[in-house]
Amino acid sequence: MKIRIIDREKITPGDQVLALVFSVLAGLFVIGLIFLAFGVNPFFAIGKIFAGSFGSIYGFKETVTKAIPLILIGVGLAIAFRAKFWNIGAEGQLLMGAIFGTWVGLNWGPHLPAPVIIPLMFLAGFIGGAIWGLIPAFFKIKFAINEVISTLMMNYICAEILIFLIVGPWKGKTKFGFPYTDDLPASAILALIPGSRIHYFTLGLALLTVLVLWMVIYKTRFGYEVREIGENPEAARYAGIDFFKTTLIIMAISGGVAGFAGIGEVAGLHHYLSYPDSISSGYGFTAIIVAWLAKLNPFFVIIAGIFFAGILVGGDAIQISLGLPAATVEIFNGTLLVFLIMGDYFLKHKIRIDFHVRPRTIKHET
Amino acid sequence: MRIIFRMLAVCLCVFLLAGVASAKDDKLKAGFIYVGPVGDYGWSHAHDMGRKFAESKLPWLETVFIESVGEADSARIIDRFIQEQKCDVVFTTSFGYMDDTVKAGIKYPDKHFMHCSGFKQSENVGTYFADLYQMYYLNGLMAGAMTKSDKIGYVAAFPIPELVRHIDAFALGIKAVNPDAKVHVRWIYAWYGPDKAKEAAESLIASGCDTLAFTEDTPAVIEVGQDHSEKGKQIYTFSHYSPMQPYGVDSVVSGQLVDWGVMYVKILQSLHDGTWTKDDLWWLAAEDAAILGGSFDNIVNPKFAAELKAAKVKTAEFGEISAYDLVVKRYEQMKKDTDVFEPFEGPIYDNTGDLKIKKGERASKGDLLSIMYYVDNIVGSIPK
Numbered sequence: 001m002k003i004r005i006i007d008r009e010k011i012t013p014g015d016q017v018l019a020l021v022f023s024v025l026a027g028l029f030v031i032g033l034i035f036l037a038f039g040v041n042p043f044f045a046i047g048k049i050f051a052g053s054f055g056s057i058y059g060f061k062e063t064v065t066k067a068i069p070l071i072l073i074g075v076g077l078a079i080a081f082r083a084k085f086w087n088i089g090a091e092g093q094l095l096m097g098a099i100f101g102t103w104v105g106l107n108w109g110p111h112l113p114a115p116v117i118i119p120l121m122f123l124a125g126f127i128g129g130a131i132w133g134l135i136p137a138f139f140k141i142k143f144a145i146n147e148v149i150s151t152l153m154m155n156y157i158c159a160e161i162l163i164f165l166i167v168g169p170w171k172g173k174t175k176f177g178f179p180y181t182d183d184l185p186a187s188a189i190l191a192l193i194p195g196s197r198i199h200y201f202t203l204g205l206a207l208l209t210v211l212v213l214w215m216v217i218y219k220t221r222f223g224y225e226v227r228e229i230g231e232n233p234e235a236a237r238y239a240g241i242d243f244f245k246t247t248l249i250i251m252a253i254s255g256g257v258a259g260f261a262g263i264g265e266v267a268g269l270h271h272y273l274s275y276p277d278s279i280s281s282g283y284g285f286t287a288i289i290v291a292w293l294a295k296l297n298p299f300f301v302i303i304a305g306i307f308f309a310g311i312l313v314g315g316d317a318i319q320i321s322l323g324l325p326a327a328t329v330e331i332f333n334g335t336l337l338v339f340l341i342m343g344d345y346f347l348k349h350k351i352r353i354d355f356h357v358r359p360r361t362i363k364h365e366t
Numbered sequence: 001m002r003i004i005f006r007m008l009a010v011c012l013c014v015f016l017l018a019g020v021a022s023a024k025d026d027k028l029k030a031g032f033i034y035v036g037p038v039g040d041y042g043w044s045h046a047h048d049m050g051r052k053f054a055e056s057k058l059p060w061l062e063t064v065f066i067e068s069v070g071e072a073d074s075a076r077i078i079d080r081f082i083q084e085q086k087c088d089v090v091f092t093t094s095f096g097y098m099d100d101t102v103k104a105g106i107k108y109p110d111k112h113f114m115h116c117s118g119f120k121q122s123e124n125v126g127t128y129f130a131d132l133y134q135m136y137y138l139n140g141l142m143a144g145a146m147t148k149s150d151k152i153g154y155v156a157a158f159p160i161p162e163l164v165r166h167i168d169a170f171a172l173g174i175k176a177v178n179p180d181a182k183v184h185v186r187w188i189y190a191w192y193g194p195d196k197a198k199e200a201a202e203s204l205i206a207s208g209c210d211t212l213a214f215t216e217d218t219p220a221v222i223e224v225g226q227d228h229s230e231k232g233k234q235i236y237t238f239s240h241y242s243p244m245q246p247y248g249v250d251s252v253v254s255g256q257l258v259d260w261g262v263m264y265v266k267i268l269q270s271l272h273d274g275t276w277t278k279d280d281l282w283w284l285a286a287e288d289a290a291i292l293g294g295s296f297d298n299i300v301n302p303k304f305a306a307e308l309k310a311a312k313v314k315t316a317e318f319g320e321i322s323a324y325d326l327v328v329k330r331y332e333q334m335k336k337d338t339d340v341f342e343p344f345e346g347p348i349y350d351n352t353g354d355l356k357i358k359k360g361e362r363a364s365k366g367d368l369l370s371i372m373y374y375v376d377n378i379v380g381s382i383p384k
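Chains A and B are the protein sequences, given in the same order. Quick note on our numbering: the first sequence kicks off at 1 and runs consecutively. Quick note on our numbering: the second sequence kicks off at 1 and runs consecutively.
The set of hints was computed from the structure by calculation and includes no laboratory data. Each residue gets a CB set at the ideal place from its N, CA and C atoms; glycine is no exception. Incorrect hints may appear among the rest.
Claimed, not checked - Residues on chain B that point at chain A, a partial pick, calculated with CB under 8 angstroms:
#, residue
1, Val-64
2, Ile-66
3, Gly-70
4, Arg-76
5, Asp-79
6, Gln-83
7, Pro-383
Claimed, not checked - Anything over 10 angstroms on all C-beta distances counts as not near chain B; from chain A, calculated:
#, residue
8, Asn-146
9, Pro-185
10, Leu-211
11, Thr-246
12, Lys-295
Let's have the full structure, built from the sequences with the hints guiding it.
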């Protein structure tokens, strides 16, 4: 028996859908086995997750709340991944956006009305995230430093900077010694849809970003360059595409929209800076799966973002009603990502197993 | 049209029946929100033991819980407990949940909320806490008597008043028996961080400490102490929050234990009876909420009892007495009432030389809740 791996020459949209459906189903199957190991009926548990996030008004409102940062970051990652720039640093870019935006809100907020201060905070958030995205982009182009490592490490640097600020110079006077900044002034706080925690300004911004980035990727010369760099870098170089400039713009956008997510979370939900894991709950990493599930298409990011937000929110439900440990949701997400990436591999490669390879030794016997 | 009427009639019947049913049973449903995993063997574990104890004692009680809830997510979980699980009362067991708990009180005026370790109360939001500073003082007495290097380490979670109070109480205990010993503190900025706690413990040992106490929700520091003790370098440790002695049979001298069970039973009973008030519940040794020991069996690990009995200390109150007997006597005093003996009795200086509590005066509850200075045998300064 012999196994050969061949590149698939033609990939139709039908193949893509098939690969996606098949990998999600295979992932759910393995997740089901994990539930079985806990002694829980997998259909019941998976049903419970989706009932907990989409099955009630309460759950759905929370799902939309969680989807806001996932959509923003996911669409930014989609554009970076399209150019084969593996940005694993959205978590740090989100935090940097939160830091920049909060600074503006805390310092200028008391003197400015909401229609002025809120756009300024989001602009600052974009700049913060963009700076944090540009640094590894610069290092990659100038010194060929692997961006997977550098963007990942930049997350930790940013988290430490945030801790330094809240423990040190930015520690709030009204927070009883706790390492939090003071609350943002009233004008710098985003309104919520009544009866929910959906900060609709950020939600609107997320949908607008999706629309703009979709147009940029598919309808502009720059978008063509991005796709060309990702799909055929040799040809792109031949065509005279400026790698340096394009990569910098890509990462400014990718980091900047993650920065939007960061300041959106602070101005919409938390109202002050605290520890990195309270500000973000790992959105920068979950959004990687969102971008993959969306096949790097901005519009699909909306669906994938809501889907994963649903898994996060539904995770509470299975914890409360089935008594499963909190780590179940992380296992769920991780397993699904592994299968999505595997699905991608099988989409691009064909595996041929030859069962009837004639053993050469037979000849000697005859 | 007739169908709609019929459906309405059926609905009405169901509602009425449900109303009759709920009026008959006097069940109470309580939701518990934990900041760490219940398997942490520290804070969240202790609360979960309390929840289980209350459920076993109170036949009308039903509970649900959720673990590892980040501070940012508590509002969502409270909503789920009230709206979906129909809880009557929600216990939020981390300081960081305070603001969301108070907001939930406004949002759901006919429900009750109990926030652990906070200081904001309202009509339907109460606070409760079992404080261990007395136990830390007793641990300090033992640490001061046991240390050979006169360098004692403390692995600490966050620089907030609760921790500072505990470190200070520990240091005051040490000072009472061993004025030469100094306390060295390492901050790890995590309630649950076994890796960071291990690193901090190793660094304290490397810098010469032979005795360690800590505030972190796992037995990580104890495991480091046990590891060194097995290899021949005796490290004394003090267990925190849960009975961690089994993790360090050759290292754990004593520790602080908490019994949230008695407190949860009392709170839930008062809610059930309708006698609940929003007053802050601050329980200490006298209420049996704070307990001395690294296990519920002994106040001191039998392995180290002889050593403590041999160590003599001079005290004004009891004359010359063994460290062991001093611990027992002080513990008895604390169990009687807070008035009998108070670790924070002046003169107490901070480590920059300022007199903080005058001779003969005692720290008030307010002082203790906001304390933010190191007493004079602690090295360094609180991160600002």
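Okay, the hints, checked on the actual structure:
1. Val-64: B/Val-64 check passes; min Cβ-Cβ to chain A is 5 angstroms, inside 8 angstroms.
2. Ile-66: 5 angstroms, holds
3. Gly-70: 5 angstroms, holds
4. Arg-76: 5 angstroms, holds
5. Asp-79: Check passed: Cβ of B/Asp-79 comes within 6 angstroms of chain A, closer than 8 angstroms.
6. Gln-83: 5 angstroms, holds
7. Pro-383: 6 angstroms, holds
8. Asn-146: 26 angstroms, holds
9. Pro-185: Nearest chain B Cβ is 16 angstroms from A/Pro-185, so the label holds.
10. Leu-211: Holds, because the least Cβ-Cβ distance between A/Leu-211 and chain B comes to about 28 angstroms, which exceeds 10 angstroms.
11. Thr-246: 36 angstroms, holds
12. Lys-295: Check passes; 29 angstroms lies beyond 10 angstroms.
Of the numbered hints given earlier, the model fails none.
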